[in-house]
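Number of protein chains: 4
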Amino acid sequence: MIELLTPDKLRALKPRYRDFMEQHVYPEELKALSTPFKTLEFGWLKNLREGAKKEKLWAPHLPESMGGLGLSLLEFAQISEILGTSPFGHFIFNCQPPDIGNQELLHLFGTEEQKSTFLNSLTEGKIRSCFSMTEPDNPGSNPTKMGTTAIKKDGQYVINGRKWFTTAADGASFAIVMAVTDPENPNPYQRASMILVPTDTPGFKLVRNIPVMGESGEGWLSHGEIAYENCTVPEENLIGPEGSGFTLAQERLGPGRIHHCMRWIGICERAFDLLCKRAISREIKDGVKLGSQQTIQNWIAELRAEINASRLMVLDAAWKIEQQGAKAARVEISTIKFMVAKVLQKTLDAAIQVHGALGMTDDTILSFWYRHERAARIYDGPDEVHKSVLARHILKEYGMDTSKKQ
Amino acid sequence: MIELLTPDKLRALKPRYRDFMEQHVYPEELKALSTPFKTLEFGWLKNLREGAKKEKLWAPHLPESMGGLGLSLLEFAQISEILGTSPFGHFIFNCQPPDIGNQELLHLFGTEEQKSTFLNSLTEGKIRSCFSMTEPDNPGSNPTKMGTTAIKKDGQYVINGRKWFTTAADGASFAIVMAVTDPENPNPYQRASMILVPTDTPGFKLVRNIPVMGESGEGWLSHGEIAYENCTVPEENLIGPEGSGFTLAQERLGPGRIHHCMRWIGICERAFDLLCKRAISREIKDGVKLGSQQTIQNWIAELRAEINASRLMVLDAAWKIEQQGAKAARVEISTIKFMVAKVLQKTLDAAIQVHGALGMTDDTILSFWYRHERAARIYDGPDEVHKSVLARHILKEYGMDTSKKQ
Amino acid sequence: MIELLTPDKLRALKPRYRDFMEQHVYPEELKALSTPFKTLEFGWLKNLREGAKKEKLWAPHLPESMGGLGLSLLEFAQISEILGTSPFGHFIFNCQPPDIGNQELLHLFGTEEQKSTFLNSLTEGKIRSCFSMTEPDNPGSNPTKMGTTAIKKDGQYVINGRKWFTTAADGASFAIVMAVTDPENPNPYQRASMILVPTDTPGFKLVRNIPVMGESGEGWLSHGEIAYENCTVPEENLIGPEGSGFTLAQERLGPGRIHHCMRWIGICERAFDLLCKRAISREIKDGVKLGSQQTIQNWIAELRAEINASRLMVLDAAWKIEQQGAKAARVEISTIKFMVAKVLQKTLDAAIQVHGALGMTDDTILSFWYRHERAARIYDGPDEVHKSVLARHILKEYGMDTSKKQ
Amino acid sequence: MIELLTPDKLRALKPRYRDFMEQHVYPEELKALSTPFKTLEFGWLKNLREGAKKEKLWAPHLPESMGGLGLSLLEFAQISEILGTSPFGHFIFNCQPPDIGNQELLHLFGTEEQKSTFLNSLTEGKIRSCFSMTEPDNPGSNPTKMGTTAIKKDGQYVINGRKWFTTAADGASFAIVMAVTDPENPNPYQRASMILVPTDTPGFKLVRNIPVMGESGEGWLSHGEIAYENCTVPEENLIGPEGSGFTLAQERLGPGRIHHCMRWIGICERAFDLLCKRAISREIKDGVKLGSQQTIQNWIAELRAEINASRLMVLDAAWKIEQQGAKAARVEISTIKFMVAKVLQKTLDAAIQVHGALGMTDDTILSFWYRHERAARIYDGPDEVHKSVLARHILKEYGMDTSKKQ
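Residue numbers (the working numbering), protein chains in the order written: chain A, 853 to 1258; chain B, 853 to 1258; chain C, 853 to 1258; chain D, 853 to 1258.
Chain A with its partners taken away, still in its complex shape:
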């Protein structure tokens, strides 16, 4: 059925991306994960990015006018799955989070000045960026609880507050920061704004790369804790109208969530592939392969069914976004967010179990994802919030008054 969504152009592109990953990325990814990111960024990854440009595979999600391939969301979804099969896939083609979201945001809502100063370098891959929204002392599931403020004074915003999980802040050229600009606004969803902050601005302090599941990481592979201490930028750095922070965040996070889901399908496929390869190669006794065990076969069957279903659901949500916009597809996006995250975790868990002790080591790519993608059920809204969004939407259609939150 997916064939109905796959024009010839895409059909031709897919094997080319697949080949690129298999030839250039898989063989090096484990070594790369134990190499300082800066070394990669100006070496292996830089070369691959140049290769991607040469082969006309660069930035599949961007319009051709911006140097990309001009794929629709539905088309990009299918490429994104391929890139997701390695932790470095999206980076190589410049469609990695958080930059892809910032690219979209500036493309849609940036001023000409912002575009020429920041967006162009970003789409060309010359700089990296980050997105600074989550706060350690406030639940990400309730964006109206926000402690960071941006006070306008003399044509400038003075920003104070603390953010964390500002992914890839280490080495980024600028951050897009969510801060409260109008704390008294009776509508809590109109209190915050997005502001662009170059990371060399005084008062922007990368406190630490947060140790996450045993790794502080570095560069793009890190999550920063940022102190904004009287960090001051000109008011021209505001993105969109003042008070539009949450509206823009919805615009940014909605497709962002679908990007994650696409990528997760790719991880699932890679893990599933490793699982099957192990099942046919590992002997448990003479002449008996692991894959002959019914338990392993059950896992293979259930995972195949769930991954296939996940893909269809993600493409269905992408299709709805294309037809009706991200806002109309809000519920579909919540649905795939919790559904695919669950399948992802289950797949990685099974793949590790099939690898036995080897699965615990960093000698396969599985342990990297097992650790870092545990966050899939947390970031961009925990499962619990997305389930509630979906359920309340349904019950509202049945006439329930859902204004009274539990």
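To be clear, the hints were calculated from the coordinates, so they are not data collected in a lab. Keep in mind that this is a model prediction, so the values were computed, not measured. Among the hints, a few may not be true.
Heads up, the list lumps identical chains together, so a pair's fine if it works in one copy or across two of them.
Said to hold, decoys possible - Under the rule of at most 30 Å between Cα atoms (straight-line distance), these lysine-lysine pairs were calculated in the BS3-like manner:
hint, residue 1, residue 2
1, Lys908, Lys1137
2, Lys1129, Lys1194
3, Lys1137, Lys1194
4, Lys1179, Lys1141
5, Lys898, Lys883
6, Lys1137, Lys1057
7, Lys905, Lys1198
8, Lys1129, Lys1179
9, Lys861, Lys1141
10, Lys1248, Lys1129
11, Lys1172, Lys1194
12, Lys1248, Lys1141
13, Lys1141, Lys908
14, Lys1137, Lys997
15, Lys861, Lys1194
16, Lys861, Lys1172
17, Lys1248, Lys1137
18, Lys1172, Lys1198
19, Lys997, Lys1248
20, Lys1141, Lys997
21, Lys1248, Lys866
22, Lys1005, Lys1172
23, Lys905, Lys866
24, Lys866, Lys1198
25, Lys906, Lys1005
Please arrange chains B, C and D on chain A, whose structure you already have, making use of the hints.
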């Protein structure tokens, strides 16, 4: 995305079927379930069948030349879901199992004689039929273990053996029986044949309607245990070539399984609807509705996701059958068989829990399905077999020698 | 470890109960389930009850002064498990619900008059009783929502209201009814009282035996819907002080819940035994038994672990009740209620799956329990309520203010 | 009920261990985890070990004659749970794996020479040891597939082969190695022996500390890959009779598995405690605590039930070992191995989810266990093997021929 699979003709038909179900079927179904089937068959159901013909909704799955609407499998899937929302839906439009499978079988492989004598009356709804394959002493999951024999003698087949779960044998005009005709054939899949047996043939004995989950049932709503005791029919009653029984069974059961899946989606939707209605109406304390509870909301969200995913998977399998035939889609059919059966059971269980004590009673339709659709994970191959089919297919592609069964 | 809880007296009793069940009950139970209950009550069951008395096995839970064996709760738990292996076990030894709860209630709180008139006949097995609390229009999970009233007038209570799931009302000699006697009491838990109502009182109407999972049942095996229409009894029929209904209900339901759990363990053991017997006897192909399949082995292992754990938990709760009383063990009782109900459902489901089509029929005892014990997760408080009780108790110890209900 | 297993001596000890952990260990454990192990070993941990000796809490599992407290297995289980609440608990009291297993082994089967040279220093905490059994190229689930050989020549064993997951090899003074000494023995379980190898023996090469879930670790907190290259030791270093390797391994691993389970219960309790503390402190909106959410309450209730059940099961297995020996309790040990490992993983997962983004960081202890205890379902036999052991034991009692392995 489903819109891509829905031509205008189908778009127009769907609300008409839905209206029919809501106006004529739902209001009477509980009463009907406690009425002897014969009373229904010559009363309420007969009237509704006439209504269906009048409204040109009869036999959506049959070619127009046979009095039907000529829907493709993919189109019929969407109608079947609507009919599945009541236990009587498919019967009213003459696309109920086991008759729908027998219609297809005779249409494709019957002789002209067989068609004029049996098929026409069947498609017109004048008679019913049954399919006699499963045996009490042999596992349905291994069709090559079969005890019923048909010995050819003097231009006749003399059939002996015992079958059970011959659904709707009570009141059927004929059975299609699987029996071993060539016990010595080295290929066990070429030992059996399908033979058409009028139920008034001497030696065809309906031993009992098997008590299933507390109900023996009656008529179409029953499962017969049949003794074939020197039951003798002319050799012209053979369907297809001798020894082709399993080949035909695959032809018959493959789409049959997809019919079940379509129907189960309908059951899921109805149960989900009842669940939501209960959630918005039942007070657990003053002013607090059951639906405000997060546990209920979690169930609603998870079920919505899983039912939607199931539908996409079923349509995807139907699409593949249309493009490449049932044989090529064998694995997809196995996949949806175990996947949708699981979602079905989960949905019914949750709907009952939300109804509390009421859910245990026959005052809702849920308890009927809870009991009878427990079989969904068993008939036409238990989950375990379908998972194995899928897994072994995958592992074979990876190069594993799957000829050695565990 | 259980040996520590098993005095010699009990050690000697256990095989005697087990033998009784195996010799007299199992061989007849399927036939009995398809026999009208009245026939059993004055035939097979009557004989077995006399046998139980003769063999000094009668009423293990009652004090010796009341004709029983004087077992402690912890001792009775182990006998109850054995009786639970058949639907008729507890009835034969006169410790079946709802009578066992009513016996305890009258023993502890009944007047001498009530004891001599009702309790003695009940403990001797001459009459049956029922307990009338749940109402169709009010959630059982919130006992303070109760519509049935008992208005005192001229030394009599005039009762009006509708109850359902009054188990075993059909043929009972008296009901114990929960009714609101003081609707204005500011404490909602002090509004209701328990009143003893002989079923031949004018105004006591058994509207119907509710069809439950396809069966209306009869006699002890039924659940009545009762209309109280100006049903008038003398005020002496009050049990305990006026307004003590909920306090008494807690006393009655607390151990009642543990009785259910004990019984469920017995069901689990019987289903597990049937599962294993099927696994070693059913061939799936020549020489290969179902039990050789790893999926079946996984089920066996997981169920064995979960049933064992359930038993330890139930005995642990019984031990706490004996040491500190039912009130102190309220949380432990809630815990086993939802935990064992889950294991019960899982065990029955697996046992049916292993039996294949046979598991769907009434040719094994499994389908009876599959249908009727679906209620285990609903009656005496649904899982959701018991989980909440446990969690709120824990969080309160951590200092959370749980007075504000969600 | 556990009180029945808790003599006064133990009742007095428990709060003392608990206080020690709370005062000395919890406050430092996060910092310790990011400190090189050698620094800890000769600093913080050394001081704490001295404190443990001073407070007469040292080596609870060892006989008093060996400087310990002489607790029985059943008593030690309850202390072990307390120690398990921090990754450093067992180390501080010298009952950490792999040393505790080696202590038991040498105590039971070592020669006087081996005891005086190695065991005494080990029990005094002066040296550390390791156990070298698992091989990278052979499945741990099938111990008869072993590539490492020890060839006797001139009164010496010449050992060759490769081992991995030799936990704590880094810094250990000696290893106990499993190696094949009699490759032609028709009984594969009599081919291997255990040999004591000082780590400074030429030919003993620590190839690497295996990177496990992102960390290579160091010292006791590491898993070594060892090359044995003509590593030669005197034949006096044989432990027990030649060919007794698997028999000794069973002796060593059986209680070893129960040690793991005890420790896991401790981890569960600590994670549960952190979960509850987070639930009562984290606001999701003004005045609404996370713990008020029904989903969180469900997790709390289910985990409490499962952890309690796990503890009872572990104590029950320990009780059986004490009564009948480890061999008789083999099945009980397999049962708790897979059961508790599952509860452990579920508890850690839920605790992380409740902590949200914080749960992903190393700012709580949860992420350490989430990563490293993923191995709980793998080491000392994966779940799948232990389930099979249990199921086959049960089916054998039902008469199934389980000699033919699947």
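Outcome of the hint check:
Taking identical chains as interchangeable, the C-alpha atoms of Lys908 and Lys1137 are never at most 30 Å apart, the minima being 49 Å within one chain and 48 Å between chains. For the homomeric pair Lys1129 and Lys1194, the shortest alpha-carbon distances inside one copy (23 Å) and between copies (26 Å) are both at most 30 Å. When the C-alpha separation of Lys1137 and Lys1194 is checked against a cutoff of 30 Å, the pair qualifies only between copies, where the shortest distance is 26 Å, while the shortest distance within a copy is 33 Å. Proximity of Lys1179 to Lys1141 under the C-alpha cut-off of 30 Å is restricted to the inter-copy arrangement: shortest distance 28 Å between copies versus 49 Å within a copy.
With identical chains, the CA atoms of Lys898 and Lys883 are at most 30 Å apart within one copy only, with a shortest distance of 16 Å there and 37 Å across copies. In this assembly of identical chains, the alpha carbons of Lys1137 and Lys1057 lie at most 30 Å apart only when taken from different copies (28 Å versus 57 Å within one copy). Within a single copy, Lys905 and Lys1198 get their C-alpha atoms no closer than 35 Å, and across copies no closer than 45 Å, so neither meets the 30 Å cut-off. In this homomeric assembly, Lys1129 and Lys1179 come within 30 Å of each other (Cα to Cα) only across copies, at 26 Å, whereas the closest approach inside a single copy is 41 Å.
In this assembly of identical chains, Lys861 and Lys1141 lie within 30 Å of each other by CA distance neither inside one copy nor across copies; the values are 41 Å within and 52 Å between. In the homo-oligomer, the alpha carbons of Lys1248 and Lys1129 lie at most 30 Å apart only across protomers (11 Å), although the nearest pairing inside one protomer, at 47 Å, exceeds that limit. In this homomeric assembly, Lys1172 and Lys1194 come within 30 Å of each other (Cα to Cα) both inside a single copy, at 22 Å, and across copies, at 27 Å. Taking CA atoms no more than 30 Å apart as the test, Lys1248 paired with Lys1141 passes between copies only; the shortest distance there is 13 Å, against 52 Å inside one copy.
With identical chains, the CA atoms of Lys1141 and Lys908 are never at most 30 Å apart, being 43 Å at best within one copy and 52 Å at best between copies. With identical chains, the CA atoms of Lys1137 and Lys997 are at most 30 Å apart between copies only, with a shortest distance of 7 Å across copies and 58 Å within one. Proximity of Lys861 to Lys1194 under the C-alpha cut-off of 30 Å is found in neither arrangement, the shortest distances being 32 Å within a copy and 38 Å between copies. Taking the shortest Cα distances, Lys861 and Lys1172 sit within 30 Å of each other both inside one copy (21 Å) and across copies (22 Å).
Taking the shortest alpha-carbon separations for Lys1248 and Lys1137, only the inter-copy value of 20 Å comes in at or below 30 Å, while the best intra-copy value is 57 Å. Both within a single protomer and between protomers do Lys1172 and Lys1198 lie at most 30 Å apart by alpha-carbon distance, with minima of 27 Å and 27 Å respectively. Proximity of Lys997 to Lys1248 under the C-alpha cut-off of 30 Å is found in both arrangements, the shortest distances being 25 Å within a copy and 26 Å between copies. For the homomeric pair Lys1141 and Lys997, the shortest alpha-carbon distance between copies (14 Å) is at most 30 Å, but the shortest distance inside one copy (54 Å) is not.
Taking identical chains as interchangeable, the C-alpha atoms of Lys1248 and Lys866 lie at most 30 Å apart only when they sit on different chains, with a minimum of 24 Å there against 41 Å within one chain. In this assembly of identical chains, the alpha carbons of Lys1005 and Lys1172 never lie at most 30 Å apart, being 43 Å within a copy and 64 Å across copies at closest. Proximity of Lys905 and Lys866 under a CA criterion of 30 Å is satisfied intra-copy only: 16 Å inside one chain copy versus 49 Å between copies. For a Cα distance limit of 30 Å, the shortest separation of Lys866 from Lys1198 inside one copy, 26 Å, qualifies, whereas the shortest one across copies, 37 Å, does not.
For a Cα distance limit of 30 Å, the shortest separation of Lys906 from Lys1005 qualifies neither inside one copy, at 47 Å, nor across copies, at 64 Å.
Violated hints, listed in ascending order, are 1, 7, 9, 13, 15, 22 and 25; each of the other numbered hints is respected by the structure.
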